[in-house]
Structures are given as structure tokens and as C-alpha cells.
Amino acid sequence: MALKNLLVHLDPAEGSQRRLHAATAMASRHGAHLTGLFVKDQSFAQLNRAKAAELGLSPAREMAAIDRMVDEVIEAGAETTRAQFEKAVHAAGVHAEWRCERGRADEIVPRHARYADLCIIGQWKPEMEELPYLPRLVEQVLFLSGRPTLIVPSVAGPTELGRHVLAGWNASRGAARAINDAMPLLAAADHVTVLVIDPEQGDHAHGEEPGTDIARHLALHGVKVTTTSVTSQSSGIGQTILDHAAKIGADMVVTGCYGHSRWREFILGGTTRVLLRQSAIPVMMSY
Numbered sequence: 376m377a378l379k380n381l382l383v384h385l386d387p388a389e390g391s392q393r394r395l396h397a398a399t400a401m402a403s404r405h406g407a408h409l410t411g412l413f414v415k416d417q418s419f420a421q422l423n424r425a426k427a428a429e430l431g432l433s434p435a436r437e438m439a440a441i442d443r444m445v446d447e448v449i450e451a452g453a454e455t456t457r458a459q460f461e462k463a464v465h466a467a468g469v470h471a472e473w474r475c476e477r478g479r480a481d482e483i484v485p486r487h488a489r490y491a492d493l494c495i496i497g498q499w500k501p502e503m504e505e506l507p508y509l510p511r512l513v514e515q516v517l518f519l520s521g522r523p524t525l526i527v528p529s530v531a532g533p534t535e536l537g538r539h540v541l542a543g544w545n546a547s548r549g550a551a552r553a554i555n556d557a558m559p560l561l562a563a564a565d566h567v568t569v570l571v572i573d574p575e576q577g578d579h580a581h582g583e584e585p586g587t588d589i590a591r592h593l594a595l596h597g598v599k600v601t602t603t604s605v606t607s608q609s610s611g612i613g614q615t616i617l618d619h620a621a622k623i624g625a626d627m628v629v630t631g632c633y634g635h636s637r638w639r640e641f642i643l644g645g646t647t648r649v650l651l652r653q654s655a656i657p658v659m660m661s662y
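Residue numbers for the sequence shown follow our numbering, beginning at 376 and rising by one.
If you're looking for bench data, these hints aren't it; they were derived computationally from the structure.
Heads up, a few of these hints could be off.
Pairwise CB distance ranges, derived in the manner of DEER restraints [what the hints assert, rightly or not]: (1) Gly597 with Gln459: 30 to 38 angstroms; (2) Arg443 with Arg474: 18 to 26 angstroms; (3) Gln392 with Thr603: 30 to 38 angstroms; (4) Glu447 with Thr603: 32 to 40 angstroms; (5) Ser610 with Thr587: 24 to 32 angstroms.
Each computed DSS-like pair below joins lysine-lysine, with the alpha-carbon atoms no more than 30 angstroms apart [claimed, not checked]: (6) Lys622 with Lys599; (7) Lys379 with Lys462; (8) Lys379 with Lys599; (9) Lys379 with Lys415; (10) Lys415 with Lys462.
All C-beta atoms in this analysis are idealised placements derived from N, C-alpha and C, irrespective of residue type, glycine included.
Kindly produce the complete structure, drawing on both the sequences and the hints.
This is the structure in C-alpha cells:
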């Protein structure tokens, strides 16, 4: 599969610019179409006022005035973000389009992501707790879109993306899905390091030489690949992956997403949560 249709979720936050930079660079490198998506979310204050109105606790006139003011701020943020998007794609020479919808990001972004080859979103951050559903945005996109997702940190990271990729491999369904979803990125990389953690030689899933089979698969696709096996640290597998990525100078991590569903809620595993919340470099995941 080629990367020909990318989606990036943007907002007025500072980290959005890093997402936009990553998205335009990737679209330019792969000759892909790029869609910028802005969601006009209600603020936490607006949600509280709506509840107060239902209970008759606040004057309707007062709430309406405040809501208009908040809406003006949201509209201004959307216009500013659109201008930044249009400037970036023009400078990169990328074919692009802009979409803007009002509603909840955790519902709207996964829906749009289903029609893209890759969805690019921001990393979880404490400010997202302002809205009760925003902390779930990343996992909702991962679990509900059916598409690979690139999570870009808010902090400054590598200036180039996808030159040296660390691919986590544990011979699972999730890892196989992630590596094959990422094949266009891996084939375009200068080097790919396959990291196997705590392998057991002779293990049925890994084969006689852990990592060798997936390395051969990648090599047949023209990927420049090496394999490394390490023992996990006491801090856990997620931190072991991040530490090794830093050690070798990787600018991206590719790995499967681990979790399970409980009714309509999605629960992330500990390794995945560490990668999503603590990585200083972009992480591409598939579920």
C-alpha cells in the first residue's frame, strides 16, 4: 500500500504546528494528498452551562452571551489554524484540502480517519482533561478508525521524520499489522531497526532466531533493516522501547497497539499507554 491520502487533526494548541510540519513533510515525501481537519469542540465551561440551564440554575441571557463569546474564540482559532495550514501546504507544494466540523473530536476524527491511509494526531497532554472525552481521543482513533495512526508529541522532536525507524516486534498479530501498515514508511527510511524484547529462542511464534523472519520479510520489500534483541528493564517494555530508540537515534517508533474492549470502552495496555504518553518522538500504531 502506498501513502497517498493523509489526514491530520489540527487545533489552536502549540503542538498542532509540529503535527502540521510532520504531516506536510510526509505528504511531500510520498506525493500524498493531505487533509487538515479542525473540530470545533465545546469548551468545558459551555458543557457546564448547558447542564446549569437544564437545571434552571443560570439566567439564559447570561449564558447565551458567554456562549457567543466562547464561540467567537473557537471561530477565531479555526480561522488562524486554517491560515497556518494553507501557508504550510503551499510552501511544501502539497495538494491539500481543509475540513472543519462542529462536535466532539473523539467522534469526528475517527470517522474521517477511515477514509485515509494514515491519520496524524497529537499526543495526550494534561490540558486535554478539560473536556471529559478528549483524553480518549487517541485511543478512539486507534480502536475505531481501522487505520494506522501516527501520534506526534507536543514537545520539539526530530527535524526529520522516518529516516531511522525503530520497529517493535513480538511476533503478535498487532505487531504484524503495524509493520505491514507502515511498509511505505519503512521502505522509504534510510534504516530500520527491528527491536525484539525478551525473546526465547525456539519460541513457536518467533522461530528459531527471533526477528529473523520479519527482517527477511522487510528486506524483500527493499527495506534496509537490522535486528536487535534486548532484555526488558524493570521500568517495563514501553520504556525499554523508548530508551533504545533514544540510544540509536531513531526518529520514529512503529509498533502494534495492545488493549481490549469492555462493552463500548477501550482499555489500553500499560506498554501502549507509556508509548502514547511519554514518547519524545512520533509513534505509529495499528490495532
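field: Pairwise beta carbon distance, Arg443 to Arg474, judged against the given window 18 to 26 angstroms
entry: 24 angstroms, holds
- prompt: Lying within 24 to 32 angstroms: is that true of the beta-carbon distance Ser610 to Thr587?
  reply: At roughly 27 angstroms between Cβ atoms, Thr587 and Ser610 fall inside 24 to 32 angstroms, so the hint holds.
query: Is the straight-line distance between the alpha-carbon of Lys379 and that of Lys415 30 angstroms or less?
result: Within the cut-off at roughly 27 angstroms; holds.
- prompt: Is the gap between the beta carbons of Gly597 and Gln459 within 30 to 38 angstroms?
  reply: 35 angstroms, holds
query: Do the Cβ positions of Gln392 and Thr603 conform to the proposed distance bound of 30 to 38 angstroms?
result: 33 angstroms, holds
- prompt: Within 30 angstroms, alpha carbon to alpha carbon, are Lys622 and Lys599?
  reply: Given pair Lys622, Lys599 holds - Cα atoms ~19 angstroms apart, limit 30 angstroms.
query: Between Lys415 and Lys462, is the straight-line Cα distance small enough, at 30 angstroms or below?
result: 21 angstroms, holds
- prompt: Taking 30 angstroms as the top limit, are the C-alpha atoms of Lys379 and Lys599 close enough?
  reply: 22 angstroms, holds
- request: With a cut-off of 30 angstroms on the C-alpha distance, tell me whether Lys379 and Lys462 pass.
  value: Judged against 30 angstroms, a Cα distance of about 21 angstroms means the pair holds.
task: Given the range 32 to 40 angstroms, decide if the beta-carbon distance of Glu447 to Thr603 lies inside it.
output: 53 angstroms, violated
The structure is inconsistent with hint 4 alone, although it conforms to all the rest.
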